[in-house]
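Asks: Sequence:
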Amino acid sequence: MLGRLILLFLLTPAVELALLIQVDRFIGFWPTIGLIVVTGLVGSHLARREGLSTWQRLTARLQRGDLPGTELADGLLILVSGALLITPGILTDVFGFMGLVPLTRTPLRRLLMRWFRGKMEQGTLQVHVGGFGGGGPTAPPEGAAPSEDWQGQGQQVPNHTDDAGNPAAS
Numbered sequence: 001m002l003g004r005l006i007l008l009f010l011l012t013p014a015v016e017l018a019l020l021i022q023v024d025r026f027i028g029f030w031p032t033i034g035l036i037v038v039t040g041l042v043g044s045h046l047a048r049r050e051g052l053s054t055w056q057r058l059t060a061r062l063q064r065g066d067l068p069g070t071e072l073a074d075g076l077l078i079l080v081s082g083a084l085l086i087t088p089g090i091l092t093d094v095f096g097f098m099g100l101v102p103l104t105r106t107p108l109r110r111l112l113m114r115w116f117r118g119k120m121e122q123g124t125l126q127v128h129v130g131g132f133g134g135g136g137p138t139a140p141p142e143g144a145a146p147s148e149d150w151q152g153q154g155q156q157v158p159n160h161t162d163d164a165g166n167p168a169a170s
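Per my numbering, residue 1 is the first one in the sequence shown, and the count goes up by one each step.
Keep in mind that the hints are not guaranteed to be accurate.
Restraint-style ranges between C-beta atoms, simulated for each label pair [stated by the list, open to error]:
hint, residue 1, residue 2, range
1, L58, G28, 39 to 45 angstroms
2, G28, L52, 32 to 38 angstroms
3, L91, R64, 38 to 44 angstroms
Treat the hints as calculated values from the structure; they're not laboratory data. Just so it is clear, CB atoms sit at the ideal spot from N, CA and C, and this is done for glycine as well.
Please put together the full structure from these sequences, using the hints given.
Replies: Spelled out as structure tokens, the structure:
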């Protein structure tokens with residue numbers, strides 16, 4: 001995994017630099033700079049708009065007592081896409097816009113959900129939650145029974161349904 005990340009962080013800037021040099025040769029230096037600025041501004045506007053829309057859907061779904069799996073996946077995609085769009089480059093902008101436009105975000109969300117489901121069924125999904133302050137697990141409040149850690153298997157993964165009430169597409 002570490003090798004993949006190092007490769008990603010080495011290859012991505014090299015590919016982006018090569019693409020920016022080609023765009024500079026094609027349209028010139030200042031138009032290339034303008035393109036970077038415009039995609040950053042448009043991307044931040046789209047990320048804000050789509051993020052607020054997703055947040056509203058998420059809170060409405062929670063208020064109805066439903067699980068917001070679709071909205072959480074959309075939120076993750078919007079967050080990553082927004083980060084990609086503020087990174088100068090052509091390739092990152094393409095992937096960033098794909099995650100922000102609902103038409104292309106839907107297939108990405110299905111792919112992400114399929115990946116998560118596969119990891120959960122294999123029992124290889126690990127979630128680490130941390131915070132500031134360095135504190136470890138805390139004792140339950142006085143008089144409360146200690147909670148058991150869930151040690152479930154992949155077959156015990158809760159089912160997820162989308163807005164239409166149908167099982168989510170995998």
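Asks: Now, for every hint given, state plainly whether the structure supports it.
Replies: Structure-based check of each hint:
1. L58 x G28: 39 to 45 angstroms: 43 angstroms Cβ-Cβ, so the 39 to 45 angstroms window holds.
2. G28 x L52: 32 to 38 angstroms: This hint holds: roughly 36 angstroms between Cβ atoms.
3. L91 x R64: 38 to 44 angstroms: holds, 39 angstroms
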